[in-house]
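Residue strings, one per chain:
Number of protein chains: 2
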Amino acid sequence: MVDIAVLGYGTVGSGVVELLDKNKDIVRNNAGEEINVKYILDIKDFENDKYKDKLVKNFDIILNDKDIKIVAEVIGGVTVAYEYTKRLLEAGKNVVTSNKELVASHGKKLLEIAKKHNVKYLFEASVGGGIPIIHPLLQCLEANNIQSIVGIMNGTTNYILTQMIEKNMSFDKALSQAKELGYAEANPDADIKGYDTCRKICILASIAYGEYINPDSISVKGIENLTLEEVKKAEEKGYVVKLIGYANKKSEAEIEVFVSPCAIKKDSPLANVNDVYNAILVTGDMVGDTMYYGKGAGKFPTASAVCSDIIECVNLKTTREINLRESRIMINKPELKVLEGTDLPILEE
Amino acid sequence: MVDIAVLGYGTVGSGVVELLDKNKDIVRNNAGEEINVKYILDIKDFENDKYKDKLVKNFDIILNDKDIKIVAEVIGGVTVAYEYTKRLLEAGKNVVTSNKELVASHGKKLLEIAKKHNVKYLFEASVGGGIPIIHPLLQCLEANNIQSIVGIMNGTTNYILTQMIEKNMSFDKALSQAKELGYAEANPDADIKGYDTCRKICILASIAYGEYINPDSISVKGIENLTLEEVKKAEEKGYVVKLIGYANKKSEAEIEVFVSPCAIKKDSPLANVNDVYNAILVTGDMVGDTMYYGKGAGKFPTASAVCSDIIECVNLKTTREINLRESRIMINKPELKVLEGTDLPILEE
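Protein chains in written order, with our numbering: chain A, 290 to 638; chain B, 290 to 638.
FYI, nobody ran anything at the bench for these hints, they're computed from the structure.
All figures in this text were calculated on a predicted structure; none of them were measured in a lab.
Wrong hints could be hidden among the right ones.
To give an idea of the chain A side of the interface with chain B (calculated C-beta under 10 Å), a few residues [what the hints assert, rightly or not]:
id : residue
1  : G304
2  : D314
3  : I332
4  : E336
5  : D338
6  : L427
7  : N434
8  : V562
9  : N563
10 : V571
11 : M575
12 : T579
13 : G583
Note that beta-carbon positions come from the ideal geometry of N, C-alpha and C, so glycine has one too.
Given the sequences, and given the hints that come with them, work out the whole structure.
Structure follows, in structure tokens:
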């Protein structure tokens with residue numbers, strides 16, 4: 290039996306705990322051992338919770354427990370989560386996470402600490418929720434020079450855009466509806482302003498090109514000022530509008546990365562990705578176009594990816610090492626044609 | 290430096306050799322060592338070939354060379370390829386392959402031999418060409434009970450169907466055109482009669498359910514008798530016709546598996562997969578729907594997957610063990626509603 294700890298008992302944290310309970314048999318079978326959640330760390334009280342006996346408020350209990358070799362960090366944010374992750378890795382514990390903000394901003398440093406202490410820092414859940422994307426990039430496409438990564442990586446904005454496109458709904462009305470349905474947070478800025486997509490494309494591009502790409506260094510435009518007129522103009526000309534995270538290796542010396550609502554031809558595989566679904570198109574020099582599609586967020590889809598990383602730690606699988614160079618090459622916004630009468634760059638996919 | 294051998298110097302074999310040469314740097318970087326093709330086995334002569342110094346005709350040279358720890362079997366078929374694979378595994382060599390026919394018919398036995406001799410038998414390239422699908426199923430979705438796998442897994446037939454749907458072309462004419470373009474073989478039976486799709490869905494279903502599913506045990510219908518009238522009738526009712534490999538876990542005691550042209554709603558993610566592209570929709574109890582899309586065949590896409598398996602052998606990554614039970618449960622054809630006026634089962638995806 291392997292004891293693990295879960296840091297943060299919000300949506301994803303409770304998903305991880307419930308998944309490991311509900312799918313105990315299949316997880317035991319695939320990990321080769323039973324996985325036991327020994328601790329759940331949260332500052333809140335959960336009086337009537339099924340797993341309340343596991344709840345602790347003191348991080349040091351987990352840090353100092355030698356039985357804990359694997360910790361899932363699903364707190365989110367870059368303050369406490371960074372501090373805890375750093376200390377856990379330094380204490381020789383493997384850490385898995387869904388925290389894209391932390392991976393995008395401090396992933397390079399944390400991977401170096403993990404390497405130094407001979408443990409893993411895994412983050413399959415940080416991009417695309419439950420969609421396998423980090424492992425395919427690292428393992429299955431490793432014989433390719435990755436040319437480009439173009440994706441719809443944020444479910445909230447894709448839901449809003451789908452409403453605008455299919456139901457002629459204004460941005461404000463679609464956002465209200467997304468909030469009502471639980472698809473958008475009370476403060477939706479990280480989603481609608483494109484920051485979330487920015488973190489994700491930076492994580493993927495860093496892995497694909499072996500260069501650390503700082504999310505602060507790229508051009509980001511969200512959908513908060515997109516008008517129904519622009520959406521309709523795109524429609525008339527055979528395009529749909531999607532919020533795109535884009536990375537393209539222009540040469541050995543230049544990578545183009547940006548986030549923006551873009552006009553996509555209706556027959557592109559990305560054009561039919563609707564509602565809260567995500568899809569990421571990865572083009573390699575040998576394999577050509579490949580696409581990965583699924584629910585990019587949510588309790589159990591995200592828990593699915595966190596738990597596959599936990600199982601990877603249990604199996605002691607040799608994970609391909611990620612060594613990121615400090616970015617030495619130019620990171621630019623691509624020069625794309627703009628759809629007439631709008632501000633929308635046209636993606637020729 | 291790691292010495293490897295390639296068995297079979299046809300389309301895929303030459304793709305593997307060329308990829309390892311062309312992408313030498315990235316392969317060395319990701320494998321941690323240079324990969325050197327020491328031998329290429331083929332009975333034919335290749336007088337003016339760039340790699341003719343590596344060509345051998347005697348299998349025993351490879352079998353008896355202790356430096357060869359990894360062999361790519363891309364001969365195809367189940368006779369010579371089976372014999373060679375068996376002897377290589379028994380001699381303690383890792384084998385990677387794109388040979389779906391062999392994996393579908395003798396994969397269980399070969400996995401057992403590989404396990405006994407502590408080597409790997411890897412076959413990412415056997416389904417979906419270069420599309421990552423075996424690894425995502427085995428590794429990334431391992432915290433899920435896989436419910437269903439539904440896919441377009443044959444590029445030849447998907448090309449023919451796309452011509453029939455979009456250009457009103459008859460089956461015979463579309464087949465001729467596919468032959469001219471090199472998308473269909475001189476004898477296209479394995480593709481158009483659905484045998485190729487059958488092998489692939491059996492491989493995926495075996496992995497997903499841990500049960501060996503014999504390709505001879507499932508209902509297979511190809512597209513060779515599909516008429517333009519049926520295609521049009523589907524179109525009128527909002528459907529497109531696709532050749533589908535289908536596996537669904539109905540209960541702990543019953544799996545439904547079949548191959549047939551099916552009617553698919555136009556807004557399904559599978560409906561917009563055209564030409565020689567493949568796409569496989571995998572549904573897990575936690576992750577929900579995920580889809581994997583790309584070129585399902587071809588020289589370099591397939592070589593991309595073969596080479597990622599070679600790199601996995603070089604890295605000595607711990608691959609998740611596949612243990613297949615001899616099928617104890619019922620394998621049935623699903624009872625699906627048929628589209629009025631046609632023979633096409635309707636897929637509610």
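Checked hints:
no., hint, verdict
1, G304, "holds, 8 Å"
2, D314, "holds, 9 Å"
3, I332, "violated, 27 Å"
4, E336, "violated, 27 Å"
5, D338, "violated, 20 Å"
6, L427, "holds, 9 Å"
7, N434, "holds, 6 Å"
8, V562, "holds, 8 Å"
9, N563, "holds, 8 Å"
10, V571, "holds, 9 Å"
11, M575, "holds, 4 Å"
12, T579, "holds, 4 Å"
13, G583, "holds, 4 Å"
When the structure is compared with the earlier hints, violations turn up for hints 3, 4, 5 and for no others.
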